[in-house]
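J.: Sequence:
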Amino acid sequence: SSSGVQKKLNVDRISKTSPLVKLAFDLDYIGGETNHSLEHFIIHVFTVYEAWKSLRNRYYSPYFAFFQSSGSGKSKLFNSLTDSYWVSYVSFATEKAYPQTPVLKQSLLSREGKELDLSYYFSYFCAVLQSWNQAQKRNAKGHQSWSKKWFNDEKVIDETIIEKHMSQVAEFGKEKEFEKYARELLDKMIDETRFPLIIVFDEARAMVATGDFESVRRALRYFTKGVVAVFADTMSSLCNFSPSPEADPSFRPRTYMELFPPFYQLCTFDLFARQKNYRDCEIWEYGRVMWAAFKSCGMTEGDLVAFAQSKLLGGHERVETPITMTTQVAIAILSSFASIEITPSSSLSKQVVAGNMAMCLHVSHDRSSIIARYPSDPVLAEAAAKLVQDTFNHEKRMQMLRFLANSLTNGLVERGKRGELIGSLIIGLAMQKCQKASFQKMMPFRYSQAVSLQAFLNVFIDIDEESLDTRLENVYAKFSHAWKISGGTSQQLSKALLKTGWDRGCYFLCEENQEAVDVVIPTSRNANSYDDGPPLLIQIKNRSGRGAIRDAFLKLGSAKLDAIKPESDN
Numbered sequence: 001s002s003s004g005v006q007k008k009l010n011v012d013r014i015s016k017t018s019p020l021v022k023l024a025f026d027l028d029y030i031g032g033e034t035n036h037s038l039e040h041f042i043i044h045v046f047t048v049y050e051a052w053k054s055l056r057n058r059y060y061s062p063y064f065a066f067f068q069s070s071g072s073g074k075s076k077l078f079n080s081l082t083d084s085y086w087v088s089y090v091s092f093a094t095e096k097a098y099p100q101t102p103v104l105k106q107s108l109l110s111r112e113g114k115e116l117d118l119s120y121y122f123s124y125f126c127a128v129l130q131s132w133n134q135a136q137k138r139n140a141k142g143h144q145s146w147s148k149k150w151f152n153d154e155k156v157i158d159e160t161i162i163e164k165h166m167s168q169v170a171e172f173g174k175e176k177e178f179e180k181y182a183r184e185l186l187d188k189m190i191d192e193t194r195f196p197l198i199i200v201f202d203e204a205r206a207m208v209a210t211g212d213f214e215s216v217r218r219a220l221r222y223f224t225k226g227v228v229a230v231f232a233d234t235m236s237s238l239c240n241f242s243p244s245p246e247a248d249p250s251f252r253p254r255t256y257m258e259l260f261p262p263f264y265q266l267c268t269f270d271l272f273a274r275q276k277n278y279r280d281c282e283i284w285e286y287g288r289v290m291w292a293a294f295k296s297c298g299m300t301e302g303d304l305v306a307f308a309q310s311k312l313l314g315g316h317e318r319v320e321t322p323i324t325m326t327t328q329v330a331i332a333i334l335s336s337f338a339s340i341e342i343t344p345s346s347s348l349s350k351q352v353v354a355g356n357m358a359m360c361l362h363v364s365h366d367r368s369s370i371i372a373r374y375p376s377d378p379v380l381a382e383a384a385a386k387l388v389q390d391t392f393n394h395e396k397r398m399q400m401l402r403f404l405a406n407s408l409t410n411g412l413v414e415r416g417k418r419g420e421l422i423g424s425l426i427i428g429l430a431m432q433k434c435q436k437a438s439f440q441k442m443m444p445f446r447y448s449q450a451v452s453l454q455a456f457l458n459v460f461i462d463i464d465e466e467s468l469d470t471r472l473e474n475v476y477a478k479f480s481h482a483w484k485i486s487g488g489t490s491q492q493l494s495k496a497l498l499k500t501g502w503d504r505g506c507y508f509l510c511e512e513n514q515e516a517v518d519v520v521i522p523t524s525r526n527a528n529s530y531d532d533g534p535p536l537l538i539q540i541k542n543r544s545g546r547g548a549i550r551d552a553f554l555k556l557g558s559a560k561l562d563a564i565k566p567e568s569d570n
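For the sequence shown, UniProt numbering gives the first residue as 1, with consecutive numbering after it.
Hints listed in this document are in silico derivations from the structure and should not be mistaken for laboratory results.
Certain hints may be false.
[Said to hold, decoys possible] Pairs of lysine-lysine residues, derived as DSSO-like cross-links and limited to a Cα-Cα distance of at most 30 Å, are as follows:
1) 164 - 188
2) 137 - 96
3) 53 - 114
4) 155 - 180
5) 174 - 141
6) 225 - 174
7) 484 - 276
8) 225 - 155
9) 53 - 164
10) 225 - 164
11) 174 - 164
12) 225 - 149
13) 396 - 484
14) 225 - 53
15) 148 - 137
[Unchecked claim] Okay, the calculated beta carbon distance ranges per label pair:
16) 282 - 439: 17 to 27 Å
17) 512 - 194: 46 to 56 Å
18) 159 - 442: 52 to 62 Å
19) 51 - 394: 53 to 63 Å
20) 364 - 139: 37 to 47 Å
21) 437 - 406: 24 to 34 Å
22) 261 - 152: 30 to 40 Å
23) 34 - 179: 38 to 48 Å
24) 275 - 411: 39 to 49 Å
25) 133 - 110: 24 to 34 Å
26) 440 - 526: 19 to 29 Å
Think of the CB as a built atom: it goes at the ideal place given N, C-alpha and C, for glycine as much as any other residue.
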């Protein structure tokens, strides 16, 4: 039966994902001039370490949070660290994620009948540092072999060593006792000038859920040198990695203590396209590095889009199962192809980064708000369009729009730009309607195909073919999502930018208060490649009537098409 075929297809997609994740993870790391993420991360580690050694009374503990959206390359970066640095790595990932370290994970989380406390984690870190020191004595350049053992889930430290330390510190009741014990241990083996051991806890929200995090961060603060810890996750609620004094009672109040700033500046978007200097790129080479990595390891286009759908929905295994529409899901889907600016101080901004593929662009100094956006990501835009047009029925689509309306009313989404937002939605849905009528449902990138400009305009107004300007014959538009840009009209109309939009399947939303043009849609005289078509200029009005229409035409007329800058001017 058709349902049986569909069920088998779903199971196949799930079973294919796990081995592909491992293959993608094992690809060579792309760094150098193409990707400076590793350098930025090392600078951050070094800055934290130097500040901890010199300003210990100012900071609580030598750790920082590292978070960013799923698929941005966090775990891959940690693995690449082992080529040059000493790294202790433990992943608390679920069974479907990669890399996994179930043996190490089991020894570090409290479970029923096994409560881990400050003494245990302090002893654990003592044992890790001793193992690191012994490995350095055997081979000063053996960082790769020692660090890889952690990623391979090997027992790097002996449990008896942990127990030995525990027997000596179990009765400690004062901070000074822990500090003295750690200082005596560190003085025997840590060189002040040496780069610290980087202790990574990946998918670290598991430690918050079990309550172990408070003990871990308290244990870390007694090590005055030699170590910097990193708690990594997609979770953007930084308060989870910086609990209040009430949630983390110390031996004495330390409300004046600061935490080190988080790290989130990954430079991996468009990584595969940048490697090719944006020439002859496939659609999956734009956006998140994850898509091109999976595709290069054998994932089909259909499975790639299906996987993107599941990630967009927060990790659903089967997109075809009933989807509970929520504000979080609705905004995530619509933001993937329309321009929706989520209020930085709202809880929604943190939720969509944590579970629905939004990217974090900035964190406020007090960690109370983050700027979360959906940058130009063609695969994610295709996934969103397929959900809206091919998966959801009319009732579900209307429910999604009601959630958006409520978000505007409640301040979860920026209200001041609602005109541009609605215009972006209308343009996106109109293009999807054209593509849905022109291309088969089974096409993996159905909503990333070119359609005639006349067909697109016909969604808004009926155009008589006989009265159609001959200059618009055989002109095509191709886009799946919006990309907001800054700069004046001359920048927006540069040929290089228009070609970029065509190649990656996006149109451009101009900056606010642009007098003449609100939207620029690249067009081409060739449906298969960019061929210098006249851009379609759109002005959005929040009012109707003949006066508004006349005003729009007058202003658009002033934005002369012959003002387009030549290719050499970028």
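J.: The structure should be examined with respect to each hint, and the outcome stated for every one.
T.: Against the structure, the hints come out as follows:
no.	hint	verdict
1	164 - 188	holds (18 Å)
2	137 - 96	violated (37 Å)
3	53 - 114	violated (34 Å)
4	155 - 180	holds (28 Å)
5	174 - 141	violated (38 Å)
6	225 - 174	holds (20 Å)
7	484 - 276	holds (24 Å)
8	225 - 155	holds (24 Å)
9	53 - 164	holds (27 Å)
10	225 - 164	holds (22 Å)
11	174 - 164	holds (20 Å)
12	225 - 149	holds (23 Å)
13	396 - 484	holds (27 Å)
14	225 - 53	holds (6 Å)
15	148 - 137	holds (18 Å)
16	282 - 439: 17 to 27 Å	holds (18 Å)
17	512 - 194: 46 to 56 Å	holds (51 Å)
18	159 - 442: 52 to 62 Å	holds (54 Å)
19	51 - 394: 53 to 63 Å	holds (56 Å)
20	364 - 139: 37 to 47 Å	holds (44 Å)
21	437 - 406: 24 to 34 Å	holds (31 Å)
22	261 - 152: 30 to 40 Å	holds (32 Å)
23	34 - 179: 38 to 48 Å	holds (44 Å)
24	275 - 411: 39 to 49 Å	holds (41 Å)
25	133 - 110: 24 to 34 Å	holds (28 Å)
26	440 - 526: 19 to 29 Å	holds (22 Å)
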